[in-house]
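Asker: Read off the chains here:
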Amino acid sequence: EAQVTQNPRYLITVTGKKLTVTCSQNMNHEYMSWYRQDPGLGLRQIYYSMNVEVTDKGDVPEGYKVSRKEKRNFPLILESPSPNQTSLYFCASSFGSNTEAFFGQGTRLTVV
Amino acid sequence: GEDVEQSLFLSVREGDSSVINCTYTDSSSTYLYWYKQEPGAGLQLLTYIFSNMDMKQDQRLTVLLNKKDKHLSLRIADTQTGDSAIYFCAERPNSGNTPLVFGKGTRLSVIT
Chain A
2 EAQVTQNPRY
12 LITVTGKKLT
22 VTCSQNMNHE
32 YMSWYRQDPG
42 LGLRQIYYSM
52 NVEVTDKGDV
62 PEGYKVSRKE
72 KRNFPLILES
82 PSPNQTSLYF
92 CASSFGSNTE
102 AFFGQGTRLT
112 VV
Chain B
261 GEDVEQSLFL
271 SVREGDSSVI
281 NCTYTDSSST
291 YLYWYKQEPG
301 AGLQLLTYIF
311 SNMDMKQDQR
321 LTVLLNKKDK
331 HLSLRIADTQ
341 TGDSAIYFCA
351 ERPNSGNTPL
361 VFGKGTRLSV
371 IT
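The listed protein sequences correspond, in order, to chains A and B. Quick note on the working numbering: the first sequence kicks off at 2 and runs consecutively. Quick note on the working numbering: the second sequence kicks off at 261 and runs consecutively.
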């Protein structure tokens, strides 16, 4: 089954404790991206990757890092999480940057 | 830059028709999409329309596109409780590798 898998689905952590949210897709998509969803703000793109070893900043990259060592995986790294990073995070993949996007189920992160 | 606007809330009685509206700014957009996000889930592509079409119908869903006014609408006939969700409009700009641009989402509540 074609899918985008994120882990974990829910995470509560403390300020400053490094964490990684994983994302994996099995559709051989080149383009992957991370979004955060906040009430009243919709979806905002954090980072995206056009292909292996090619990543670029989206609209709200501050406080986040990503890596793309393999085509299927695109982890989101928060080196020192802060409460303003409490949000719902979505990973998405597509064949190209502006073709149909397939979304993961989301990761609800709470930073206390 | 590109921008997509939607109203944030819509309430409809069960059995009535729902109409969710969206305006966009990029007149060269090639595809326009509607995504549905059910509670606790990721976004799923509901339907899309190519920019050279005025209307697309798919069972209970009708998409209308007015290119002159840059206005897109999604009509859901015979709205059911299962249609309660957030609906996102997205445009696919026709400019290189620009990613999809999403609206903030319209929360549809179906009243029984």
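Think of the hints as simulated: they come from the structure by calculation, not from any bench. Honestly, I wouldn't trust all of these hints.
Simulated restraints, written as ranges between beta carbons of each label pair [said to hold, decoys possible]: (1) A:Ile-13 x B:Gln-319: 37 to 45 Å; (2) A:Ser-68 x B:Glu-274: 40 to 48 Å; (3) B:Asn-354 x A:Val-53: 37 to 45 Å; (4) A:Tyr-11 x B:Val-279: 32 to 40 Å; (5) A:Ile-13 x B:Glu-298: 18 to 26 Å; (6) A:Glu-54 x B:Thr-372: 49 to 57 Å; (7) B:Gly-300 x A:Arg-45: 17 to 25 Å; (8) B:Ser-271 x A:Phe-96: 36 to 44 Å; (9) B:Asp-263 x A:Glu-71: 28 to 36 Å; (10) A:Ser-83 x B:Arg-320: 22 to 30 Å; (11) B:Arg-273 x A:Arg-109: 39 to 47 Å; (12) B:Asp-329 x A:Glu-54: 28 to 36 Å; (13) A:Thr-111 x B:Ser-271: 40 to 48 Å; (14) A:Arg-109 x B:Asp-318: 25 to 33 Å.
A short, non-exhaustive set of chain A residues, derived as facing chain B with CB atoms under 7 Å [claimed, not checked]: (15) Asn-8; (16) Tyr-11; (17) Ile-13; (18) Thr-14; (19) Pro-40; (20) Phe-96; (21) Ser-98; (22) Glu-101; (23) Ala-102; (24) Gly-105; (25) Gly-107.
No more than 20 Å apart at the CA atoms, straight line, and that leaves these computed lysine to aspartate or glutamate pairs for DMTMM-like [claimed, not checked]: (26) A:Lys-72 x A:Asp-39; (27) A:Lys-58 x B:Asp-263; (28) B:Lys-316 x A:Glu-2; (29) A:Lys-19 x A:Glu-31; (30) B:Lys-296 x A:Glu-54; (31) B:Lys-327 x B:Glu-265; (32) A:Lys-18 x A:Glu-2; (33) B:Lys-296 x A:Asp-39; (34) B:Lys-327 x B:Asp-314; (35) B:Lys-328 x B:Asp-343; (36) A:Lys-18 x A:Glu-101; (37) B:Lys-296 x B:Asp-329.
Ideal placement from N, C-alpha and C gives every residue a C-beta, glycine not left out.
Asker: When the hints from earlier in the document are held up against this structure, which numbers fail?
Answerer: Numbers 3, 10, 11, 12, 13, 15, 16, 17, 18, 19, 20, 26, 28, 29, 30, 32, 35, 36, 37 - these are the hints that the structure violates, sorted from lowest upward.
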